[in-house]
Amino acid sequence: MARCIRMLLLSCLMTLLLTSCWSSQEIENLALYSGLALDVGEPAPIEKEFEAKGATYPKQNKVMATVQIVPVKTIGTNSQKQQDQKKPYINISGSGDSILEIFRQFSIRLDQPIIGHHLKVIVVSAELLKQQPIGNVMDFLLRDNDIRPSTMVFVSQGSAKATMESNIASEVPSFHIMGMLRNRSRTSKVLKPVTLSRLDSLIYSERSFMLQNLVTGGEEVELSGAGIIKGSSGKWIGTLNQTDTQCLAWIRNEGTAGTIKVNEGNNNVITYELEDMKSKVTPKVDGDDISFHVELSTEGRIIEVWNDQAPSSSHLNEEEVSQLIKKQLKDMTEESIRKLQKKYQTDVAGFGNRLAIKYPSVWRKVKDRWDEVFSDSEVTFSYELQITDFGSFIED
Amino acid sequence: MFTRTDDKITTSQAVVFLTNTVLGAGILTMPRSITKAMQTPDAWIAILLGGLLIMPVILIMVKLCQQFPGQTIFQFSGRIIGHIPAKLVCLLLIFYFLVIGGFEIRVLAEVTLFFLLESTPMWAIVLPFIWAGTYLVSGGINAIARVYQVVFPITIFVLLLSYGVSLRLFDINHLRPVLGEGFLPIFAGLKSSILIYAGCEVVLTIVAFMQHPGQAVKAMLGGIAIPFGLYLLTAIVVIGGLSIDTVITSTWPTLDLIRSFEVTGFFVERLEFPLMVIWLMQMFCNFCSFFYQASLGISQLFKLSIQPVIFALVPVIFLSAMAAKSIQDIFAVGDAIGMMSIGLFLLVTVPLLLIWLLRKKGDQIHG
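Heads up: the sequence lines are chains S and R, in that order.
Take the first sequence: its position 96, counted from the start at 1, is 1409 in the working numbering, and no numbers get skipped.
Take the second sequence: its position 290, counted from the start at 1, is 292 in the working numbering, and no numbers get skipped.
Excised from the complex, chain R in its bound form (with noise of 0.2 Å):
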């Protein structure tokens, strides 16, 4: 494979790199999350209404970057609203960015420490894991989804294998009555069926990077359908596996429902710790996402070379990804970054557009 020096990437990569940045540690508490909301079975119809939902949201940021070619958010944003303005827009774009990392990596380190290194400390698990990731964004977009297009194959034939391996816990019943309670529980659980998509904000800065700009819609589109089709699925097994009950109680219901049987005679008999193990890599994948968006953001925002913005934002999401106490804090600020992506689309992505369209009217007109 030959080094590209240039900072573009393919279609497909730019799929990939959608989709490792949204698919994470949403996958192993998103069950809970839209059950507990709606009391029924029927969690897949809200992932089945909530991706409805997320693809116009994704269309809308697409279209927004389009008609700036080559440029981020970062760089076009001041030519819509003016230089101040936009600076504050970004600065909150970037610490949204660095709050998200530092989510994805605690989630990983406590998903770690609780089920497979008891003893260890928090920070041995959090400091490589940032460690890499630092040489993994100082490569630069271009390295980030290839190491992206390495491990996806990997992470989601895993998740298959265990999911399908579950099914000999599935029991149709689990899923009935279908709308047993009509259409309003599903809205109480539409809330968390959206929020499971936080961090597809990375769309307003990877279409600057695409070689094929023109593609941007499909790619996108079709970065965003692979999660949610996997939610869709994750919905329907475990919930199918576990019932509703089990569901509600359950810290990690994907895990526990991976850890509800043992295969005996396969070449391993519990799925959880391959799953697991692989599952890490994906998290990796989403911490370095948002790392790298946050660095290109500050170092575009503020014209700095973009090398030592990532060294020095090292610490920054090391704090980020301490600060929270327990685990209760940790859904806390999961809960709050989800509100965050929905007030960052509605206050930031909405607005530009419009006053973007707004003003080629007026040029129009006038010019």
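With the rest of the complex left out, here is chain S (with noise of 0.2 Å):
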């Protein structure tokens, strides 16, 4: 009688087991957003119609934030004509104080609730880092539960909210973005991209860096150079050029491929292919001296070659090929070391890491004020260049 009313008792707790997933949420009923888009705070051409009709809250709009939800109703269940029409994502801003905030006014404007598990793309752009630290910027996304710390976050020059359009039907600019970084197979203008998580240990140091740059044209966008975010205030200073960034990728030794094109006489190009690229940054202590040697090396081939004679007579030679690209080298990397140290005067090229690891107790000395230091410090190169074949052609 006992085991009778002992089972009698399990089973009904049994069936607290059952009721299973307490906070279940159908996903045809969420409005997942794939893309985030930060500018300065200024009233959405929409919200000022709101705003007209007295539809608003206490607010100094700080902030404008534009979401990118991909909807899951129109995709694959729709016909194919409905998809020609619609893009299949819809864009929404809203500006004010805190990013949650916005968020959650989105909820009185939209019928779902928006959530940021498959966020893959934060856009910044360089106005709102002008006038905002990044740092506060960032905060809320960096606390989220929702929102990975596995997203990318880019800067953009001009509006960042023009990154999320695009005029591909079908394409989810979030997503082209995403894919676009795939490309660091082929060039090293891109960066190494700058997750959550790698932002959050980047704000924490208070050390400069760099972040992706976007640029936008006719509803395209391209991954040009790098905005330097100063470590000490944690706002934009500026941004760095293509080759630059090419140059700094390379110091950072987080490149593997990319060209290097000499000009030479009024028509003649010789365009060298990276096949490996490496450096090697030694830090030398002097006393109160604090200088850099950068060893770049490379191995790659001569792979196209624009001449003005004919080509019977240009055979190539080595050394002397070697010498111009070499040349070319010394001025790209030159250059753009000098405009870190005079223009912007940070180091965002990861000397100070060089450093930190080789001298430590130097590097407690100096690291409060490391930019200014750096900015002071002499940074010499050399330079290894080895081709190691003409492509097809065979040259002596």
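Just so you know, these hints were derived from the structure itself, not from any lab.
Each hint can be trusted.
Cβ pair distances, simulated, as ranges:
1) R:120 to S:1614: 53 to 63 Å
2) R:275 to S:1494: 23 to 33 Å
3) S:1494 to R:97: 47 to 57 Å
4) R:41 to S:1582: 50 to 60 Å
5) R:185 to S:1582: 53 to 63 Å
6) S:1362 to R:324: 45 to 55 Å
7) S:1693 to R:184: 26 to 36 Å
8) S:1680 to R:190: 12 to 22 Å
9) S:1494 to R:162: 26 to 36 Å
10) R:38 to S:1610: 33 to 43 Å
11) R:14 to S:1324: 32 to 42 Å
12) R:55 to S:1331: 42 to 52 Å
13) S:1444 to R:38: 28 to 38 Å
A few chain R residues that don't get close to chain S, going by computed Cβ distances all over 10 Å:
14) 39
15) 61
16) 159
17) 227
18) 279
Note that the Cβ used here is the ideal one computed from N, Cα and C, for glycine as well.
These two chains come separately, so use the hints to put the complex back together.
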């Protein structure tokens, strides 16, 4: 009898386990956003209309957030005809003082709650980062539990909202930007992506860093150069061009591929394809003097040659060509370092890290004013170039 | 597999029992707690040292237990220091087991709430786990050990798989410079790196249940070596993958490491969900160990039958789990548990062994 009652009680308890998904939400009823653009605060056009009718709340418009919602409804289920007419994404913008508050404001404009589990790309406009330190702007995104730390962060020259537009039908711009990063295997002009978790450490350590820059034109997006964020203020101070970015990626030993082109004379072009690129940064400390020596080494091939003379008489001399390329490389890298030291006075090339590893005690003394110390440090270069072949042509 | 009716466990079961008792929530927060105290990337050195320190501690506990074959601390402490003081000491130990049991289940619920089931009420997560634990614990040490044997390989496999895939973020420069600030930070981190072994007091009872008590030293050292190795690996992988600046600011650094990448094309793109779900089992095992120890203690101390004690402890565990108000409270409890663990060792284990050795010597002289 007692056993019977016990079994009965147990089976009653078992029903508790059957409730299973307490917090389940149907994916069809959620607005997943895959991209987020942050701009300088000003009411979006639609918001202006709302506000004209008195639909507003107390705010100072510090930031405008645009989320790119990928409606699950339209993907896969609709007929081909409808997809042609409709873009596969919806952008919705709102302005306010707190990103979470803006997100919650979307809840009174949309029929579905927005959810950040699938956020892939965050684009922040340089203008906004001129006004606000990056730590403030990203704070919510770093704290939130939905948004994954694997989300990539970019900076945009011009409006960030514009990077979330595309004229290619059936393409979601935020996925497009993600896909472009894969081209790092072809060019070192694309920086190693800064994810939220890396950004977290960069902001916390108050060091200067680069974010991949996005430029828009004619509803197309280009990854072009890098925006510099000054560590001490957390603000955007300028942009490095594509060549600088390539050089810095090389110095930081993060590049894998790319090209060096030499213009010689009026119409002669020699293009060198980098197959392997390495760097070794050696810090030197002499009393209070800190200097760095950078050894850049590369292997590659001459893959394109334009020559005014007839092809038959245009034999390339390996030694000569190699000197030409080295000179070009020297100009490029020295110009980049000059820009960092003189124009921006920041170290975004990772020299500080090398010093911290090699001379921790020296680093401890200078780390609080590292950007200034770096600007006065001497940086020397040496280059090693190995031309492996000339494509499918034989030269001597 | 045959069902044993005697309350004995094999040597390998004893190893897994200790591992599954110690290895739990600590792995999720440990890189932060150590790095925060040290401010250098040398957490792994602190863990190495901590491991070297914990080994003799375990050895002392085993040696103490081996003096009384087949008896747990709740039974033999009376023979060393008399009944009243022994009761007090054991009650302290039982209280400790109840707090740490509640803590484990609370952390389990906390992680689940934050990452998996956002709007589920706390009690709805805590209660089923306590009930399931009650069922398991009432099966006795043999049932528990067998569940551990099943759970252990699964959890370790998923953990190692997640770490393996996370190596794509690994950068050796995040772990450099080694000893850049000298040895001083290591000592700052040493406290945290010993606290992660809190709960190893179960050695004081499981040795009594071993089928071959002669192998207790080997088994218990093995049981602590597994968490030690995994802690070391965790510190290296997490700090190497995220850098100390991220680790310090992150509440659950180990989970954040796994959340920092996506494995496109793998059968699960995001490994944090499998890891979290599987790791819940590990934390459940922790909880069951402590729940069992507490019930065993009360039943042996007051000569009660264990079943009613287990049921009576359910509300106590529940309260102990729900007492903390915020995540800060929980981490404060975690720290307190670590301190209690050290305190118990210094105030209970060591004196007990010393007094016993003195008395034995006295007996030999006078006998």
